[in-house]
Each structure stands twice: as C-alpha cells, then as structure tokens.
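Asks: Use the sequences and the hints to build the structure in full.
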Amino acid sequence: MRNIIIPTSSKIGKNVVIKEGTIIGENVTIEDDVYVDYACIIKDNVHIKQGTFVGARCILGEFLVDFFDDMKNKNHPLIIGRNSIIRSETIIYGENEIGDNFQTGHRVTIREKAKIGNNVRIGTLSDIQGHCEIGNYVNMHSNVHIGHKSVIKDYVWIFPYVVLTNDPTPPSEELVGVTVESYAVIATMSVILPGVHIYEDALIGAGSIVKRDVAKEEVVVGNPAKFVCKVSEIKNKITGEKVYPWRYTFGRGMPWSEEGYDRWVESNMYLKE
Amino acid sequence: MRNIIIPTSSKIGKNVVIKEGTIIGENVTIEDDVYVDYACIIKDNVHIKQGTFVGARCILGEFLVDFFDDMKNKNHPLIIGRNSIIRSETIIYGENEIGDNFQTGHRVTIREKAKIGNNVRIGTLSDIQGHCEIGNYVNMHSNVHIGHKSVIKDYVWIFPYVVLTNDPTPPSEELVGVTVESYAVIATMSVILPGVHIYEDALIGAGSIVKRDVAKEEVVVGNPAKFVCKVSEIKNKITGEKVYPWRYTFGRGMPWSEEGYDRWVESNMYLKE
Amino acid sequence: MRNIIIPTSSKIGKNVVIKEGTIIGENVTIEDDVYVDYACIIKDNVHIKQGTFVGARCILGEFLVDFFDDMKNKNHPLIIGRNSIIRSETIIYGENEIGDNFQTGHRVTIREKAKIGNNVRIGTLSDIQGHCEIGNYVNMHSNVHIGHKSVIKDYVWIFPYVVLTNDPTPPSEELVGVTVESYAVIATMSVILPGVHIYEDALIGAGSIVKRDVAKEEVVVGNPAKFVCKVSEIKNKITGEKVYPWRYTFGRGMPWSEEGYDRWVESNMYLKE
Numbered sequence: 000m001r002n003i004i005i006p007t008s009s010k011i012g013k014n015v016v017i018k019e020g021t022i023i024g025e026n027v028t029i030e031d032d033v034y035v036d037y038a039c040i041i042k043d044n045v046h047i048k049q050g051t052f053v054g055a056r057c058i059l060g061e062f063l064v065d066f067f068d069d070m071k072n073k074n075h076p077l078i079i080g081r082n083s084i085i086r087s088e089t090i091i092y093g094e095n096e097i098g099d100n101f102q103t104g105h106r107v108t109i110r111e112k113a114k115i116g117n118n119v120r121i122g123t124l125s126d127i128q129g130h131c132e133i134g135n136y137v138n139m140h141s142n143v144h145i146g147h148k149s150v151i152k153d154y155v156w157i158f159p160y161v162v163l164t165n166d167p168t169p170p171s172e173e174l175v176g177v178t179v180e181s182y183a184v185i186a187t188m189s190v191i192l193p194g195v196h197i198y199e200d201a202l203i204g205a206g207s208i209v210k211r212d213v214a215k216e217e218v219v220v221g222n223p224a225k226f227v228c229k230v231s232e233i234k235n236k237i238t239g240e241k242v243y244p245w246r247y248t249f250g251r252g253m254p255w256s257e258e259g260y261d262r263w264v265e266s267n268m269y270l271k272e
Numbered sequence: 000m001r002n003i004i005i006p007t008s009s010k011i012g013k014n015v016v017i018k019e020g021t022i023i024g025e026n027v028t029i030e031d032d033v034y035v036d037y038a039c040i041i042k043d044n045v046h047i048k049q050g051t052f053v054g055a056r057c058i059l060g061e062f063l064v065d066f067f068d069d070m071k072n073k074n075h076p077l078i079i080g081r082n083s084i085i086r087s088e089t090i091i092y093g094e095n096e097i098g099d100n101f102q103t104g105h106r107v108t109i110r111e112k113a114k115i116g117n118n119v120r121i122g123t124l125s126d127i128q129g130h131c132e133i134g135n136y137v138n139m140h141s142n143v144h145i146g147h148k149s150v151i152k153d154y155v156w157i158f159p160y161v162v163l164t165n166d167p168t169p170p171s172e173e174l175v176g177v178t179v180e181s182y183a184v185i186a187t188m189s190v191i192l193p194g195v196h197i198y199e200d201a202l203i204g205a206g207s208i209v210k211r212d213v214a215k216e217e218v219v220v221g222n223p224a225k226f227v228c229k230v231s232e233i234k235n236k237i238t239g240e241k242v243y244p245w246r247y248t249f250g251r252g253m254p255w256s257e258e259g260y261d262r263w264v265e266s267n268m269y270l271k272e
Numbered sequence: 000m001r002n003i004i005i006p007t008s009s010k011i012g013k014n015v016v017i018k019e020g021t022i023i024g025e026n027v028t029i030e031d032d033v034y035v036d037y038a039c040i041i042k043d044n045v046h047i048k049q050g051t052f053v054g055a056r057c058i059l060g061e062f063l064v065d066f067f068d069d070m071k072n073k074n075h076p077l078i079i080g081r082n083s084i085i086r087s088e089t090i091i092y093g094e095n096e097i098g099d100n101f102q103t104g105h106r107v108t109i110r111e112k113a114k115i116g117n118n119v120r121i122g123t124l125s126d127i128q129g130h131c132e133i134g135n136y137v138n139m140h141s142n143v144h145i146g147h148k149s150v151i152k153d154y155v156w157i158f159p160y161v162v163l164t165n166d167p168t169p170p171s172e173e174l175v176g177v178t179v180e181s182y183a184v185i186a187t188m189s190v191i192l193p194g195v196h197i198y199e200d201a202l203i204g205a206g207s208i209v210k211r212d213v214a215k216e217e218v219v220v221g222n223p224a225k226f227v228c229k230v231s232e233i234k235n236k237i238t239g240e241k242v243y244p245w246r247y248t249f250g251r252g253m254p255w256s257e258e259g260y261d262r263w264v265e266s267n268m269y270l271k272e
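Residue numbers (numbering that gives the first Met the number 0), protein chains in the order written: chain A, 0 to 272; chain B, 0 to 272; chain C, 0 to 272.
Since the hints were made in silico from the structure, they are not lab data.
Heads up, some of the hints might be wrong.
[Stated by the list, open to error] Cross-link-like lysine-lysine pairs, in silico, BS3-like; alpha carbons within 30 Å at most:
id	chain 1	residue 1	chain 2	residue 2
1	B	K210	B	K225
2	B	K71	C	K10
3	C	K210	A	K225
4	C	K112	A	K18
Predicted, not measured: the structure shown is a model, and the values here were computed from it.
Replies: Next comes the structure, spelled out in structure tokens:
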C-alpha cells in the first residue's frame with residue numbers, strides 16, 4: 000500500500016491489498032481480504048465487502064448528476080457485496096446496493112439506482128442505465144444496454160448487444176420499461192421495445208426486434224419478431240435431445256449446478272416446510 | 000492541486016480545481032471555474048472554457064495519426080466550450096472545436112475534425128469518427144457510431160446502437176456520408192446506409208436498415224426499412240394525442256422548453272425583424 | 000522516464016520513452032524504440048517488440064481468471080509484435096502472442112489465447128473474447144465482437160457492430176465457432192450465427208442475420224440473410240465499374256498496395272519457384 004492515503008473517516012480491514020496509484024475518498028469502508036488493483040478511484044461513501052477484487056482503474060462511487068449543481072459530491076452510498084470480481088475500468092455510480100458474488104467484465108458502466116441481486120454477471124462494455132431492477136443469477140454478456148425502468152427477474156440470460164428500451168415515442172418523458180421474467184433467454188443483437196413483457200422460459204432469437212409480449216416458453220425471432228415454436232421443440236442438432244427449458248439441461252454457475260434443477264427444487268421445497 | 004505540474008506555457012484561471020494525478024501539457028488554457036477530476040491527461044494545445052467539468056481520467060487532445068511519423072505531437076488544438084460536462088474516461092482528439100454546454104456520457108471517443116455545435120449531448124461509449132458535422136441541440140444516446148462525412152443538422156435525436164455508415168462498397172476509398180436534417184429521430188439499433196438523406200421530422204423505427212432516403216415527416220421501419228405512415232398519424236397509446244413532430248410536444252433541454260415551440264419560433268422571428 | 004520504477008527482472012531497450020505514471024511489472028521486456036504513453040499498466044511477463052507505440056493507460060498482461068484463485072498472477076506471457084500501434088485504454092490479457100504491425104483503436108479488449116497474425120487492425124471498443132484465431136491483414140472496424148472459437152483467415156474485413164457468435168442453444172457448454180475465409184467482407188451490424196462458414200470473397204450486407212453458410216463470391220443480405228447475387232454483379236454506382244472481389248480494386252494497407260493484386264500474386268509465385 001505504498002503511497003496510498005487513507006482519510007481518517009475511512010476504514011480498511013485486515014489482509015487488504017491496495018496497489019499503487021489508488022485514491023481513497025472519505026467515509027470509505029473496505030472489509031477484510033479485499034484486493035484493489037492499480038490506480039482505482041474510490042470516491043466517498045463506498046463500502047466494499049469482504050473478499051472482493053476491484054480491477055485496475057475502476058471508478059467506484061462516481062458522481063451523480065447533482066454533483067454538477069455546485070461541484071460537490073452528495074451522500075450517495077455504494078455497497079458492493081462479498082466475493083465479487085469487478086474487472087478493470089468498470090465505473091459504478093453512488094446510490095447503488097449490489098449483492099454478493101457480483102462479477103463484471105471490463106469497462107462496465109452502472110448508473111445510480113440499479114437494484115442488483117446476488118450472483119449477477121455483467122459483461123464487458125455493458126451499460127446499465129440505472130433506475131432498474133436486476134434479480135439474482137442474471138447473466139449478461141458483453142455490450143448489453145439496460146434502459147431505465149427495466150425489470151429483470153432471476154436466472155435470466157442476455158447475450159451481446161441486446162438493448163432493453165423504454166421510450167414508446169422518442170423523445171418523450173413517459174418511459175415504460177421492459178419486464179423479463181425468470182429463466183428467459185434473449186439472444187445476441189435483439190431489441191426489446193418499450194413495455195414489452197417477456198414471460199418465463201421464453202427464448203428470443205438473435206437479431207430480433209420484439210414489439211409484442213412473448214408468452215411463457217415461446218420462441219420468437221425476426222424483425223419484427225414472430226412466434227416460431229415452443230421452446231420444448233428445439234433440439235440439440237448433434238444429440239437430438241431437448242435443450243429447453245434450459246434450467247433442466249444447464250447448471251454452470253447456477254445454484255442447482257451439482258444436483259440438477261429438479262432435485263434442487265425438491266431440496267428447497269423440503270427446506271421451506 | 001497537490002502535485003500538479005503546470006508548464007510555464009500553460010495558463011490556469013481563477014477558481015479552478017484540478018484533482019490529483021492529472022497531467023497538463025504545453026500551451027494548455029484552462030479558464031475560470033473549471034473542475035478537472037482525478038488523473039486526467041490534458042495534452043498540448045487544449046483550451047477548456049469557463050465553467051466546464053472534466054471527469055476522471057479523460058484524455059483531451061489525444062494524438063492524431065501524424066504523431067506516429069516521428070512520435071512527436073503536432074499542433075492540433077482542441078477547444079471545449081463553456082459550461083460543458085465531459086464525463087469520466089472520455090477521449091477527445093486534437094483538431095476539434097466543440098461548442099458550449101457540451102455533455103458527454105462515459106468513455107465517449109471523438110476523433111479529429113468533428114465539428115460540434117452548441118448544446119450537444121453524446122452518450123456513454125459513443126464513437127464519433129471525426130471528419131463530420133454535428134449541429135446544435137443534437138442528442139445522441141449511448142453507443143452511437145458516427146462515420147466520417149456524416150452531416151447531422153440541429154435538434155436531431157439518435158438513440159442507442161445506431162450507426163451512420165459511409166462506404167457504399169466496403170472496403171473502398173470513396174466514402175459517401177449520411178445526412179440527417181433537423182428534428183429527425185433515429186431509434187435504437189438502426190443502420191443508415193451510405194449517402195442516405197433523412198429529411199426534417201422523419202422518424203426511423205428501432206432496428207431499421209435504411210437503404211433509401213426518408214422524406215420529411217415520414218416514418219420508416221424494418222429490414223430493409225419501408226414507409227409505414229406519416230409522423231402525424233402516431234398517437235400516444237394512453238392519451239390518444241398526437242406526438243409528432245415531437246418539437247410541438249417535447250421541450251426538455253431545448254431552447255423552447257419554457258414557452259413551447261410555436262411561441263419560441265414567433266419570438267425568434269420577432270427578434271430577427 | 001521520471002519516477003518510473005523498473006524491477007531488476009525487467010529489461011528496457013535503447014531509445015525507449017516511458018511517460019509518467021506507468022507501472023512496469025516483473026519480467027517485462029521492452030525492446031528498442033518503444034514509446035509508452037502516460038499511466039500504462041504493464042503487468043508481469045509482457046514483451047513489447049521494437050518500434051511499438053503503447054497509448055496512454057493501456058493495460059497489458061491483464062490477469063486471467065486463474066488470478067482469482069489466490070489473488071496471485073500466474074505466468075501468462077504476452078508478446079506484442081514490432082512497429083505496432085496500441086491506442087489508448089486498450090486492455091490485452093496475458094497468454095497472447097500478437098504479430099507485427101498490429102494496430103488497435105481505443106479501448107479494445109483482447110482476452111487470452113487470441114492467436115493474432117501480422118498486420119491486423121482492430122477498431123475502437125472491439126471485444127475479442129479470446130480462444131480464437133485471426134489471420135494476417137485482417138481489418139476490424141469499431142465495436143466488433145469476436146466470440147470464442149471463431150476462425151478468421153487472412154485479408155478479411157469486418158465492419159462496426161458485427162458479432163461472431165458461438166452458442167447454438169444458449170446457454171450451453173457446446174460452443175461452435177464461426178469460420179470466415181480469406182477476402183470475405185462482413186458489413187455493419189451483422190450477426191453470424193454459431194457454426195456458420197463464410198467462404199472466400201463472400202459479402203454479407205449490413206444488418207444481416209446469417210444462419211446458413213455463405214458460398215464463395217456470394218452476396219447475402221437481410222434477416223434472415225438470403226442470397227442476392229454474385230459479388231461480380233455489384234457495380235460502383237458512379238463509375239459503373241465492377242468492385243468485387245475487392246482485392247482487384249482496393250489495395251490500401253495490403254501487401255499488393257503498390258503493384259496491384261494480380262502482379263503481386265505473380266511476383267509471389269515467382270519467388271516461390
């Protein structure tokens with residue numbers, strides 16, 4: 000921690016590494032076992048929980064627009080959960096509380112009031128506009144854009160260059176967000192138009208422009224996106240086996256990765272009794 | 000301004016804040032009331048006008064390609080207008096003059112010879128390739144790509160992931176830019192092909208691939224984009240009221256925000272007499 | 000080289016410039032005539048060959064995912080070829096060997112195990128996911144996304160916002176890459192679906208969603224992309240002359256730039272005898 004200046008209002012835990020060139024603001028809390036790589040800017044009121052890695056040159060607690068009223072930072076706390084990996088050059092605004100096991104790629108931008116659950120992964124260059132809700136175990140790949148008022152439930156997959164929009168008659172003041180229910184999958188370069196509701200286990204094919212709601216377990220594709228089939232009709236081209244709903248065939252990174260989805264649901268039901 | 004080295008050829012105004020880690024080149028002018036956040040690189044011949052904010056780790060006056068001839072910076076001035084907000088990690092090349100009240104999101108890239116008017120906003124990750132013209136009160140959202148030879152007039156709105164192209168037969172040397180007339184709107188993830196002319200108040204729907212000119216007040220959509228209706232036929236789904244031309248129904252950030260478009264035009268006509 | 004600390008395990012050649020704020024890791028080799036601009040982070044085991052320029056705030060030798068096992072950098076060398084231009088804020092992972100005359104735009108990200116030939120150019124914001132092969136004289140414009148297992152041969156052109164995908168049934172573990180043969184051209188905002196094979200001299204029009212293989216010298220366009228014509232049928236709108244295969248009409252940056260493609264092929268055949 001050569002040359003790192005820690006203001007007296009800030010607290011650094013045990014076994015913390017802070018590499019050269021990092022700047023620590025006022026009222027910062029860095030818990031035990033955190034690693035902060037070179038030249039990060041950690042602004043005021045940031046709380047980094049135990050075991051988290053912060054890549055080189057991240058900016059945490061970035062100024063909200065109210066900074067520009069008088070060029071003074073207001074009190075907008077940022078909390079980052081335990082055991083997270085924030086890759087280099089990510090920018091996260093103040094006024095955010097992010098869950099545990101969070102992961103970002105490089106150069107992710109997260110504006111204020113993005114409610115983010117546990118075990119969320121957000122890929123390189125993705126741009127979370129804030130004022131939105133992202134559940135647990137959500138996976139976004141590179142360069143995803145999430146507009147204001149989006150609601151993304153749990154176990155959703157969003158692939159590169161997908162945009163969730165919000166303005167039905169641009170430019171306007173009346174934003175209407177997209178809702179994506181649990182287990183839905185949105186493939187590469189799709190645009191979801193304002194107010195569209197995508198239901199559980201739906202699959203949006205690559206390059207789709209989605210103007211209408213997509214029902215549970217439906218596959219849509221095209222510009223404009225149209226109904227193709229039910230997800231259960233899609234088969235692995237090599238094995239001929241069913242693939243969807245994907246939760247029965249894929250587990251990496253999911254809470255059911257070891258026992259499978261069915262048993263995991265059973266176990267959880269048992270626990271709840 | 001701890002540890003900031005100001006070369007004798009550079010001038011710093013009154014009430015200027017320069018945070019730690021910023022590097023100031025030769026022949027730099029920073030006017031009064033400017034705020035430069037942490038670790039910016041302000042290269043030679045940059046002029047930042049009064050009241051402007053420069054976010055953390057911006058690079059202003061980036062090298063043009065002639066730098067690589069002999070690894071020496073040539074004289075390519077950059078001027079940034081008054082009361083601008085340049086958000087963190089934006090890169091702006093030398094050989095640019097940008098108007099007042101300019102705003103960028105994060106990680107915007109602006110190459111040389113991008114003529115940019117007053118009151119322009121360019122969103123996060125947008126990539127302005129230079130050798131183009133952008134008028135006044137132009138709004139670009141995130142991740143917009145503006146190719147060489149594009150001409151964008153005043154009061155234009157461009158939404159996320161829109162690309163203005165320029166090469167009719169790629170790869171070639173004969174670039175033909177796109178022209179976008181005043182008050183036009185281009186929605187998310189649209190591509191405008193080389194040489195296309197979009198006329199006043201036109202509206203390009205999301206996900207459109209635009210291969211032909213779009214007439215005044217026309218709505219086009221699709222791949223390839225086709226005529227749908229006149230903008231006056233679009234109604235707000237909730238109120239049933241007309242929305243377009245948008246200048247009659249929307250004013251935020253526009254010079255007519257207080258009095259409305261009609262009265263503002265009247266006032267201005269009166270002034271000109 | 001004011002204030003630059005060079006570990007004893009690292010070697011710096013003659014006539015090297017390293018600007019302020021740069022950090023040099025262990026076992027770094029910087030050959031003669033290299034220029035490293037402000038505030039770069041050059042991690043362990045990076046080798047920069049003669050005459051290369053590294054722009055401000057690049058991160059070279061970024062950590063692979065095995066770093067997070069114990070927060071220790073493993074031995075993953077990065078080699079960057081001679082006379083390269085790495086523009087500012089580019090991030091390149093360890094475990095990469097890149098050829099000579101390499102050029103990047105700004106904020107390019109290159110993950111591990113991207114095999115990159117000579118004379119390759121990768122534009123601003125492009126995201127090379129690694130575990131892929133890129134030949135010689137490949138040109139990628141801004142914001143291109145290359146998925147794992149992609150194979151791109153020589154003299155290929157890829158334009159802005161193109162995505163090469165790899166997962167036929169997302170999310171899954173069975174990735175199948177795209178193959179792009181030599182001289183093929185992929186225009187703006189096209190998506191190439193997993194396993195698709197694009198053959199020599201093929202041309203993919205802007206905004207295409209390519210689901211099937213594209214034969215040699217074929218033009219496809221649309222969503223989904225369909226056969227339009229042979230490339231030889233495309234003419235320059237002004238001159239009426241044939242444009243494709245482009246190698247006969249375009250030479251900038253190519254090894255045949257001076258003598259033309261035909262003579263260059265002849266010369267090379269002669270040399271091989």
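Asks: Hint by hint, say whether it matches the structure.
Replies: Hint by hint, here is what the structure shows:
1. B:K210 <-> B:K225: 9 Å, holds
2. B:K71 <-> C:K10: 24 Å, holds
3. C:K210 <-> A:K225: Holds, at about 17 Å.
4. C:K112 <-> A:K18: With Cα atoms ~27 Å apart, K112 (chain C) and K18 (chain A) stay inside 30 Å; holds.
In this structure, every one of the numbered hints holds.
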